[in-house]
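Residue numbers (our numbering), protein chains in the order written: chain F, 1 to 255; chain H, 1 to 261.
Derived by calculation from the structure, the hints in this document are not laboratory data. Heads up, some of the hints might be wrong.
[As the list claims (entries may be wrong)] Restricting the straight-line Cα-Cα distance to at most 30 Å, the calculated cross-link-like pairs of lysine-lysine (DSSO-like) are: (1) F/Lys74 / F/Lys158; (2) F/Lys115 / H/Lys141; (3) F/Lys58 / H/Lys224; (4) F/Lys158 / H/Lys49; (5) F/Lys74 / F/Lys115.
[What the hints assert, rightly or not] Short derived list, chain F residues pointing at chain H, Cβ under 7 Å: (6) Ile53; (7) Asp77; (8) Arg80; (9) Phe87; (10) Gly89; (11) Ala91; (12) Phe104; (13) Gly105; (14) Leu106; (15) Ile107; (16) Glu108; (17) Val171; (18) Tyr205.
Beta carbons are placed, not taken as given, at the ideal position from N, Cα and C, and that holds for glycine.
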Amino acid sequence: MKDMIEIIGLEKNLSGNMVLRGVNLNIKKGSTCVIIGRSGCGKSVLLKHLVGILRADKGRIIIDGKELSLLTEKELDILRLQIGLVFQGGALFDSMTVGENVGFGLIEHEHVSGKEVLERVEESLGMVGLSGISNLMPSDLSGGMKKRVALARALCIKPQIILYDEPTTGVDPITADSINELIKNLHDRINVTSIVVTHDMRSAYRIGDNIAMLYQGKIIAQGTPQEIENSKDLIVHQFVNGLAHGPITENIRLL
Amino acid sequence: MFDNLFIIVGRHIISFFYFLGGLANLTFKTIYFSFTPPYKKDRILEQAKKAGLDSLPLVSLIALFIGFIFALQTAYFMQRIGSELYIASLVALSIVRELGPVITALVVAGRVGAAITAEIGSMQVTEQIDALETFATNPVKYLVVPRFLALSLMLPILTLYADAIGILGSYLICVFRLGISSSIYLRVTFEALWYKDIFTGLSKTIFFGMIIAIISCYEGFNVKGGAEGVGRATTRSVVFSFIMIIVADCVFTALFYFIFP
Numbered sequence: 001m002k003d004m005i006e007i008i009g010l011e012k013n014l015s016g017n018m019v020l021r022g023v024n025l026n027i028k029k030g031s032t033c034v035i036i037g038r039s040g041c042g043k044s045v046l047l048k049h050l051v052g053i054l055r056a057d058k059g060r061i062i063i064d065g066k067e068l069s070l071l072t073e074k075e076l077d078i079l080r081l082q083i084g085l086v087f088q089g090g091a092l093f094d095s096m097t098v099g100e101n102v103g104f105g106l107i108e109h110e111h112v113s114g115k116e117v118l119e120r121v122e123e124s125l126g127m128v129g130l131s132g133i134s135n136l137m138p139s140d141l142s143g144g145m146k147k148r149v150a151l152a153r154a155l156c157i158k159p160q161i162i163l164y165d166e167p168t169t170g171v172d173p174i175t176a177d178s179i180n181e182l183i184k185n186l187h188d189r190i191n192v193t194s195i196v197v198t199h200d201m202r203s204a205y206r207i208g209d210n211i212a213m214l215y216q217g218k219i220i221a222q223g224t225p226q227e228i229e230n231s232k233d234l235i236v237h238q239f240v241n242g243l244a245h246g247p248i249t250e251n252i253r254l255l
Numbered sequence: 001m002f003d004n005l006f007i008i009v010g011r012h013i014i015s016f017f018y019f020l021g022g023l024a025n026l027t028f029k030t031i032y033f034s035f036t037p038p039y040k041k042d043r044i045l046e047q048a049k050k051a052g053l054d055s056l057p058l059v060s061l062i063a064l065f066i067g068f069i070f071a072l073q074t075a076y077f078m079q080r081i082g083s084e085l086y087i088a089s090l091v092a093l094s095i096v097r098e099l100g101p102v103i104t105a106l107v108v109a110g111r112v113g114a115a116i117t118a119e120i121g122s123m124q125v126t127e128q129i130d131a132l133e134t135f136a137t138n139p140v141k142y143l144v145v146p147r148f149l150a151l152s153l154m155l156p157i158l159t160l161y162a163d164a165i166g167i168l169g170s171y172l173i174c175v176f177r178l179g180i181s182s183s184i185y186l187r188v189t190f191e192a193l194w195y196k197d198i199f200t201g202l203s204k205t206i207f208f209g210m211i212i213a214i215i216s217c218y219e220g221f222n223v224k225g226g227a228e229g230v231g232r233a234t235t236r237s238v239v240f241s242f243i244m245i246i247v248a249d250c251v252f253t254a255l256f257y258f259i260f261p
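So that you can see chain F by itself, here it is in the shape it has in the complex:
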């Protein structure tokens, strides 16, 4: 199957700090790729490049055959509407109701009637198991609900690609598992291409077709969940088993 997302030699320098130092990654259409790595290693920065919020210093990003840096602002906007990004904290617009949040993409860009917006909003909320809350405000929701509403908001524009930024961080284990299940169901049901950024290994093994590890600005390992779990690479081994001692922490001490 062809590649939906292709990242070639991506480099990014953020205020003097080389965050990405040549990331190479290919993601097949309809697959779920999990990117693991320590907090602050540039996982979220990588996601922000894929929707054009950040621009690469060097390297190319090709999504659905279109190279991001060559697109005009209009073409980029069209591409953005095929991508749903689920932010870590939800990033719900707190001046709007849940319903207005979920329907935001539709209201802004598609000329659909108010009735259809309501239907699509309910449908998306139903998919994440939160029907009937569209009149609440985001401040009334718990952390886990916010994450699910954020997912519903991404789903409402019927994207081909969904990017998740740490979907299970900061929620209780049961909610985390239900979010994992949700991501897996969506993948099976609507055949979207997904990238999930996380450092929750349980979740990575459960939802990933592929796992890639980002370390010091590069992808240092990539493979199926089994391959990563049994990896002989010391760095990968330390990370996936959550060990306090190993090459990763040793390196930090040296720096």
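Assemble chain H onto chain F, guided by the hints.
Just chain H now, kept in the frame of chain F:
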């Protein structure tokens, strides 16, 4: 030691020009997006309500007291030279040409500008601005343009209202405390005021409105570092708005003085 001094001074100068560049950039983008469709009237009206209607109580209170104070302070000298009659014209001219516009702008900068910075700043730190972009919605078009248009429309209206209330305050003092007859007070007031006084007073408030909108949005977008950053940006936004309003006022006053002598 001198090296350090140069470095510190240099850094401040560079960051100042960076700030000005950022403001200019945002201004151009805002004007560009103000004229590109789609136009969302609802959002402008919502902001106009927040900036205009909701400011009315505060503006009324302050303008009324400025009217009281100004009448009394003027009376102090006018009574000494026996020209109480001219309190009316002096108050009318000062309020319409200067005090009304500037005080209204400062009140709005403190009340509305600070709120804009805090709101946009919180949106920035919680990634809501990024979220707008992922929905192919330009943050300048969505957030800045309505506030920019609302403030530059509402400030002249608020000012006109403040002028009227200020003159009313002075009228109350003069008529009920100093014993000037009501009809004479009104006649002197309207004789003193020419159209050009009202025009010069109101036209500069359009620019004050733009200054408040651009500075408070710019500071909001550039918030770094969570809640503390939002607080710092809000302070900066009010301080810079005050400075820029006073500087702009000085420029306009000089300009009008030579254009319409």
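Here's how the hints hold up against the structure:
1. F/Lys74 / F/Lys158: 19 Å, holds
2. F/Lys115 / H/Lys141: It holds: about 26 Å lies between the C-alpha atoms, which stays within 30 Å.
3. F/Lys58 / H/Lys224: 25 Å, holds
4. F/Lys158 / H/Lys49: 35 Å, violated
5. F/Lys74 / F/Lys115: The given pair, whose Cα atoms are some 28 Å apart, holds under the 30 Å limit.
6. Ile53: F/Ile53 check passes; min Cβ-Cβ to chain H is 5 Å, inside 7 Å.
7. Asp77: The hint holds - F/Asp77 has a Cβ within 7 Å of chain H, the shortest such distance being about 4 Å.
8. Arg80: 4 Å, holds
9. Phe87: 5 Å, holds
10. Gly89: 6 Å, holds
11. Ala91: 4 Å, holds
12. Phe104: 6 Å, holds
13. Gly105: 5 Å, holds
14. Leu106: 10 Å, violated
15. Ile107: 10 Å, violated
16. Glu108: 6 Å, holds
17. Val171: 17 Å, violated
18. Tyr205: 27 Å, violated
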